[in-house]
Amino acid sequence: MLEPPQNPGRFILSSVATQKDVATELGIRVESLSDLLKSNPSWAVAIRSTAGGRRRAVIASTATKQMASVLADRISAKQAALHLNISPARLAHLLRAKLILRVGRWLSRRDLEQFQKRLSLATERDFGVAAQVVDMGFALRNLVPVSATVDFIQAIMDKLVRISAPEINFSSWTVESRSLDTWKKSRQSDAGRVFSVPEAAIELGLKEQVLYDLLGVGLIRASKQLLGRRIARYISAKEIENFRASYVPLITLARLHRAPSKKALEWARSQGMKLATGPMIDGSRQYFVEVGTAMSELNS
Numbered sequence: 046m047l048e049p050p051q052n053p054g055r056f057i058l059s060s061v062a063t064q065k066d067v068a069t070e071l072g073i074r075v076e077s078l079s080d081l082l083k084s085n086p087s088w089a090v091a092i093r094s095t096a097g098g099r100r101r102a103v104i105a106s107t108a109t110k111q112m113a114s115v116l117a118d119r120i121s122a123k124q125a126a127l128h129l130n131i132s133p134a135r136l137a138h139l140l141r142a143k144l145i146l147r148v149g150r151w152l153s154r155r156d157l158e159q160f161q162k163r164l165s166l167a168t169e170r171d172f173g174v175a176a177q178v179v180d181m182g183f184a185l186r187n188l189v190p191v192s193a194t195v196d197f198i199q200a201i202m203d204k205l206v207r208i209s210a211p212e213i214n215f216s217s218w219t220v221e222s223r224s225l226d227t228w229k230k231s232r233q234s235d236a237g238r239v240f241s242v243p244e245a246a247i248e249l250g251l252k253e254q255v256l257y258d259l260l261g262v263g264l265i266r267a268s269k270q271l272l273g274r275r276i277a278r279y280i281s282a283k284e285i286e287n288f289r290a291s292y293v294p295l296i297t298l299a300r301l302h303r304a305p306s307k308k309a310l311e312w313a314r315s316q317g318m319k320l321a322t323g324p325m326i327d328g329s330r331q332y333f334v335e336v337g338t339a340m341s342e343l344n345s
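If you use our numbering, the sequence shown corresponds to residues 46 to 345, in order.
By construction, these hints were calculated from the structure, which means they are not laboratory data.
A hint or two may mislead.
[As the list claims (entries may be wrong)] Below, in silico cross-link-like pairs of lysine to aspartate or glutamate (EDC-like), each with a Cα-Cα straight-line distance of 20 Å or less:
id	residue 1	residue 2
1	Lys65	Asp80
2	Lys229	Asp203
3	Lys162	Glu212
4	Lys269	Glu253
5	Lys283	Glu244
6	Lys110	Asp80
7	Lys252	Glu286
8	Lys283	Glu248
9	Lys162	Asp118
10	Lys229	Glu248
11	Lys83	Asp118
12	Lys143	Glu244
13	Lys283	Glu335
14	Lys65	Glu76
15	Lys143	Glu248
16	Lys283	Glu253
Just so you know, these numbers come straight off a predicted model, no measurement behind them.
Put together the whole structure using the sequences plus the hints.
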């Protein structure tokens with residue numbers, strides 16, 4: 046975690062400071078400070094021109110502590126996954142469902158803590174000696190598919206899956222086995238549900254045309270049913286589950302690892318990932334990576 050400035054009295058004699066001085070005070074690059082100013086332009090009280098003709102903001106010295114607070118709250122996706130004791134792949138599902146919020150490239154430590162507190166409100170202190178339990182880590186590794194992460198978290202919040210949480214940290218949590226088994230069976234019974242193409246696109250968090258591309262290249266299969274006088278295509282819940290377990294959007298991986306979006310394709314290839322579809326592969330609109338080739342990178 047970044048700490049507040051170690052020398053808060055540095056600018057006492059002056060009410061303003063240059064970007065270079067403030068960046069040095071905060072221990073960051075001037076370019077990073079410029080990005081920070083974009084999030085709160087009120088910190089810049091004026092604009093000056095350097096000898097070289099560059100335009101630089103003049104910053105109120107009172108803003109340095111506020112900036113330090115913002116920087117200290119930032120956490121990368123990789124660090125957040127470690128903080129929650131879950132895999133980056135699971136974190137990606139939570140971000141996509143907006144159970145955890147992303148601010149630009151960063152996540153918020155405070156938001157992560159609030160997420161854990163919201164979950165802990167639905168937990169119990171103790172199940173009693175007769176209850177059969179498994180560790181949360183074991184349940185996530187062996188019993189809850191990555192693609193079911195959001196449903197699992199929602200089941201905890203709805204108290205359908207019973208959790209014992211003596212502390213806020215996930216690593217200390219245990220899951221009551223019977224409620225977990227009941228929840229898994231209910232999900233299996235839902236596997237017979239079918240979705241129209243627009244519904245399936247919403248379920249997957251994709252644009253409808255991207256889903257049509259996936260159907261066209263065979264990564265997702267649909268069945269045809271007669272609807273009135275026309276034939277409509279439907280996708281089973283099981284097919285959606287299989288796709289989630291097999292492929293992940295390249296842009297999701299790139300964001301998790303802070304790889305520039307314009308160089309995501311080059312980055313994926315340098316990591317040895319196998320691209321299943323995409324503009325340079327088969328003309329589809331979006332790149333998807335085979336999960337099997339991405340897991341080593343996701344868990345690194």
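These are the hints, each one checked on the structure:
Restraint check for lysine 65 and aspartate 80: the C-alpha separation of about 14 Å stays at or below 20 Å, so the hint holds. In summary, the hint linking lysine 229 to aspartate 203 is supported, as the alpha carbons are separated by about 15 Å, within the 20 Å threshold. Of the supplied pair hints, the one linking lysine 162 and glutamate 212 holds, its CA atoms being roughly 10 Å apart against a limit of 20 Å. Taking the CA atoms of lysine 269 and glutamate 253, the gap is near 17 Å; set against the 20 Å cutoff, the hint holds.
Proximity of lysine 283 to glutamate 244 is assessed by CA-CA distance (about 14 Å); at most 20 Å being required, the pair is judged to hold. A threshold of 20 Å between alpha carbons decides the hint, and for lysine 110 with aspartate 80 the separation of about 17 Å falls inside it, so the pair holds. Between lysine 252 and glutamate 286 the alpha-carbon distance is near 17 Å, which keeps this suggested pair within the 20 Å criterion. A C-alpha spacing of about 12 Å is found between lysine 283 and glutamate 248, which places the hinted pair at or below 20 Å, so the restraint holds.
Between the alpha carbons of lysine 162 and aspartate 118 the distance comes to roughly 17 Å, so the proposed pair stays at or under 20 Å and holds. Taken as a hint, the lysine 229 and glutamate 248 pair is honoured in the structure, with Cα atoms around 19 Å apart against an allowance of 20 Å. Proximity of lysine 83 to aspartate 118 is assessed by CA-CA distance (about 17 Å); at most 20 Å being required, the pair is judged to hold. Note on lysine 143 and glutamate 244: the hinted pairing holds, with a Cα-Cα distance of about 18 Å set against a maximum of 20 Å.
Among the hinted pairs, lysine 283 with glutamate 335 is consistent with the structure: their alpha-carbon atoms are about 18 Å apart, no more than 20 Å. Taking the CA atoms of lysine 65 and glutamate 76, the gap is about 10 Å. The hint holds against a cut of 20 Å. With a CA separation close to 14 Å, the supplied pair lysine 143 and glutamate 248 stays within the 20 Å bound. Annotation: proposed proximity of lysine 283 to glutamate 253 holds, straight-line Cα distance about 19 Å (limit 20 Å).
In terms of the numbered hints stated before, the structure departs from none.
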